[in-house]
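A.B. asks: Sequence order for the protein chains is A and B.
When we follow my numbering, the leftmost residue of the first sequence carries the number 1, and every step to the right adds one.
When we follow my numbering, the leftmost residue of the second sequence carries the number 1, and every step to the right adds one.
Any given hint could turn out to be false.
DEER-style ranges, computed between Cβ atoms [to be verified]: (1) A/Arg316 with B/Thr499: 51 to 59 angstroms; (2) A/Thr325 with B/Asn588: 41 to 49 angstroms; (3) B/Glu40 with A/Arg55: 53 to 61 angstroms.
Computed list of chain B residues with no C-beta within reach of chain A, every gap over 10 angstroms [claimed, not checked]: (4) Pro73; (5) Asn180; (6) Gly380; (7) Gln586.
In silico lysine-lysine, DSSO-like type, Cα no more than 30 angstroms apart, as pairs [to be verified]: (8) B/Lys551 with B/Lys47; (9) B/Lys551 with A/Lys567; (10) B/Lys143 with A/Lys573.
Simulated from the structure, these hints should not be mistaken for laboratory data.
All residues carry an ideal CB built from backbone N, CA and C; glycine is no exception.
Number of protein chains: 2
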Amino acid sequence: MSLNQRDMQFQVFEVLDAASLLNRERFKDHSSVTFEDILEMSFEFAKRQLEPHHRLSDTLEPQMIDGTARVLPEVKAALYAMRDAGFFAAAADEEYGGLQLPNLVWNACQAAFMASNPGTSSYAFLTVGAANLIRSFGTDAQKETYLRPMLEGRWFGTMCLSEPHAGSSLTDIHARATPNADGTYALSGRKMWISGGDQDISENIVHLVLAKLPDAPAGVKGISLFIVPKHRVTASGLEPNDVALAGLNHKLGARGTTNALLSFGERGDCVAELVGAPHQGLAQMFQMMNEARIGVGLGGAALGCAGYVSSLEYAREREQGRLPTNKDPSSPQVNIIQHSDVKRMLLAQKALSEGAFALCLYASRLVDDHGTHPDATVRGEAGALLDLLTPVVKAWSTHYSLEANVLAIQVLGGYGYTREYAPELYYRDNRINPIHEGTNGIQSLDLLGRKVAQNGGIGMTLLTREIDGDIKAARAAGLNDLSDALEAAVSVAHSTTRTLMGASPDVMLANSWHYLELLGHTVIAWQWLNAARVATLKLPTASSDDAAFYKGKLHAATYFTRFELPKVALWGKLLGSLDTTTLTMQENWF
Amino acid sequence: MSLNQRDMQFQVFEVLDAASLLNRERFKDHSSVTFEDILEMSFEFAKRQLEPHHRLSDTLEPQMIDGTARVLPEVKAALYAMRDAGFFAAAADEEYGGLQLPNLVWNACQAAFMASNPGTSSYAFLTVGAANLIRSFGTDAQKETYLRPMLEGRWFGTMCLSEPHAGSSLTDIHARATPNADGTYALSGRKMWISGGDQDISENIVHLVLAKLPDAPAGVKGISLFIVPKHRVTASGLEPNDVALAGLNHKLGARGTTNALLSFGERGDCVAELVGAPHQGLAQMFQMMNEARIGVGLGGAALGCAGYVSSLEYAREREQGRLPTNKDPSSPQVNIIQHSDVKRMLLAQKALSEGAFALCLYASRLVDDHGTHPDATVRGEAGALLDLLTPVVKAWSTHYSLEANVLAIQVLGGYGYTREYAPELYYRDNRINPIHEGTNGIQSLDLLGRKVAQNGGIGMTLLTREIDGDIKAARAAGLNDLSDALEAAVSVAHSTTRTLMGASPDVMLANSWHYLELLGHTVIAWQWLNAARVATLKLPTASSDDAAFYKGKLHAATYFTRFELPKVALWGKLLGSLDTTTLTMQENWF
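Isolated chain A (complex conformation) (with noise of 0.2 angstroms):
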């Protein structure tokens, strides 16, 4: 199995306390007994269901035929299990199905299925999202008629936000919307890099489209969101809608998943359905991409513990090479994992990737918070944080979680760049996440340029109230080294928050993207305190199995303290003398 399930107990059970969730409303009539089940069907289910056909879809990827994405029979199978067996409505509401999971526990569970086959996995994901959107913002005969199949996985959903001349800048794309005299809009418009854009595997697709009515203002302030079924409902059943599949993207990876460029409305049959009020809709895609930044994190970070564990076994099969104190060629030779260079490479990958996944699950946590605490107050702060720390979920997650995928196939050597060994895979797969969502670039400029100062501030006291408190904590536990580090960290992070909101915007943004690495290494690192902290404390009773795997929390939390964080100093120093060296570099001079 490619994740590690002792991980993923110790992150959402004994660091997040899922069990403190058991006594909000939503959630009664769970047990700490149902978490951990459903957890480990899932890893069984990934085992069972994912993992197998995880290297056929990518060798054998989708096909355009007679106008439709053609997926492989095994990548069906796998959703039409992962349907009858409830997946799909996890964490959705009784009334429409659901098991009411809470976010934390399900985004687990997402994980496991994100390590063994994110291809597969997407489809579904993509589903849950946009259903999720429906339900916060549709119609009641728009829930009734869309949600209920979605959430039963017998209709898909997507996304359509970019088309080919506007990727990050949706405001600019060209889609449009005309009213109908029925109260339904004419679509057309073409839609790019739409993943799960097309297939054979469901019923219905499902599209959530971006586009503009005639009467819309300019800019960002005039996309609407609509529901584009490809087949629409009618009096004697599905009929096609006008959505045609004009081309699939061939990737670098995750090609298990049909990314595809659609056309709309291409024959003036295409009817669109409004979702909420006019010219909303940006507003509105924003929960499902937050939602979607946080799983794209997640899926990263997945995908870095996968290479990680994938590495690791490696590691301690493979002979070579003697130790330094020992030249006796004619001794046998150790186990890779003896040699402290490949204890190097596998102590960084465990340090960033589970450091990246306690991220993406605090931050799941934080949905739940935001969603089910009993106390306004503690809602709001929850929220608060979440808008803050999504672009660091999101980017930070991805693109270390990429370098620790790199360190695998490293660890391999040689086999570790053949098709036969999983990490090439692994890489390939996860090198989508730093781009889809918002590339990371603009998941920094988002950080730096709206959420450090939204509302007067808020997420960045709120984030050094938590902080400060487990730092207080850590030291309890005797953690002061670690607590001293972080500490340092923090107050850089103040400082040189300070001198860029101080700076004028170009300046200020020229420098976002090592802004963002800052105060995710500060995060993280606090992350890790926390995990550090938790092993301390239950170190003295664990059982010898436990007693070792909290040893390497410790060892992981010191090395991601003594080997990462230092940069946090390094980049504060950039940062704060205003570095300029990127915004005066002239376009002739490269």
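Starting from the structure of chain A, add chain B where the hints point.
C.D. replies: Same frame as chain A, now just chain B:
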């Protein structure tokens, strides 16, 4: 074209002063014009013969059919054209039909080939390396039989070191050579990861194989070197020599080059010729390996530059979004090269790839000085400096050019993730370079465990002398900030070296990778300082195109100094503390 020819001229002629080699005996028939012509020819050749089938030879990788590796007609055609153009003998002795080009100029030509199509080019480079080895250590008869057809490009060469169970640890090879009555040897064993190990391009394949004689002492001191042709030369022509293709590896990239598992002597009929003295094989092979290590570094740098050029081209053309200071959505979009964060990603690529390129060409020039300088002291010093720098050239260049390739993909966003654009292919091709010819981890052990202390630390002494001289020259040109920063880095390098040399071998070597990075960053900053000095001196009289180019060089030097070089202090602090985090991590804690 995937390399910037202007930059190549700058590096070869303006910084490294190729013309100054003209007074050497070996190069006396050349002129600056012949150097420039051959460079021009190489770029033209790369563009016409190599680049066009780069993607195709990745998509349609070699197949094993009837026991032979079959390659694309396009690959063959390009190599026949390379042969006909005389490129195989470009740096070889006149006596064997060679042009006696300086290594510096020839490596610049090779960089153009490797940036355009590393898969196809590799056959030629391996052949040249193998030919050089026979030239150095072979008998006259061996030279007569093998050298000429190889330099004529009719026979290709390979190096056969690794075995399935012995990759990094050559001590543990099993291949055996038993003396025959006629002075030849019967070879048996399996060799893994053999680039160009089989193909249907050349008339014959000359394998240079490491194997052990029956009386061999244990360890690397018992390894001998053999010539093992695929077809042996008999009175009646070429006859099969019992070298069987056991399988082809299926790789992440570099697919144009076959990569084979070979089985020697399965039928007891594999005839080998000993090269040089018995048990001297590894020392001899190191000539080819050192040459190959510089070649691998150069290949990495070339692909880093190719990704840079390709993403730069995209950034100049792709319109997306507006600058932070413009909030008017009805204004036209800008080319993404105007966004600071895109400039950051381009500058980083430029600083890393062109920096690596500069170091590789500097090392190539050291090869010339080592081989052809009239003063024996200078020859010796060039050799000692080259010895020290070779692991840095190999590992730093491949590690950081790969990081550049990640950024190239990122600049293209979603398009970068598709196989319609070059960056993902550059990345996949380049991913082998940190692995083969000794993994980067092995390079760092070689650097810190052998090279630094070798011959009383003469390499470090010479390096310091060279850098100090160049800092003086840079200060004279007014480059005080860059000089100060480099001087500080050199000082950290020295103190870190001293501290590590005082530690136990296991503590010292546990920190080898970051030591290589520390020294590598210092050396690259030095290369950038030299580029900045030349640019500064030429700026006042430069044409406007040249002025833009020189300003770009200065800006990239600033970028490297501000964004990358400070990491030296960070690594210095970590290593100066004789960190034991990796060393003390236990296997069962992972």
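A.B. asks: Hints first: check each against the structure and report whether it holds.
C.D. replies: Okay, the hints, checked on the actual structure:
1. Range check, A/Arg316 to B/Thr499: about 32 angstroms between beta-carbon atoms, so the 51 to 59 angstroms window is missed.
2. The hinted range of 41 to 49 angstroms is not satisfied by A/Thr325 and B/Asn588, whose Cβ atoms lie roughly 21 angstroms apart.
3. For B/Glu40 paired with A/Arg55, a C-beta distance near 45 angstroms fails the hint of 53 to 61 angstroms.
4. Once the 10 angstroms rule is applied to beta carbons, B/Pro73 is consistent with being away from chain A; the minimum gap is 23 angstroms.
5. Interface exclusion of B/Asn180 from chain A stands, the closest Cβ pair being 27 angstroms apart, more than 10 angstroms.
6. Distance check on B/Gly380: its Cβ is at least 29 angstroms (rounded) from any Cβ of chain A, clearing the 10 angstroms threshold; non-interface status holds.
7. The claim that B/Gln586 is not at the interface with chain A is violated, since a C-beta of that chain comes within 10 angstroms of its own (minimum 7 angstroms).
8. Of the supplied pair hints, the one linking B/Lys551 and B/Lys47 holds, its CA atoms being roughly 28 angstroms apart against a limit of 30 angstroms.
9. Of the supplied pair hints, the one linking B/Lys551 and A/Lys567 holds, its CA atoms being roughly 29 angstroms apart against a limit of 30 angstroms.
10. Distance restraint check for B/Lys143 and A/Lys573: the Cα-Cα separation of roughly 59 angstroms exceeds the 30 angstroms cut-off, and the hinted pair is therefore not satisfied.
Hints 1, 2, 3, 7, 10 from the earlier list are contradicted by this structure; the remaining hints agree with it.
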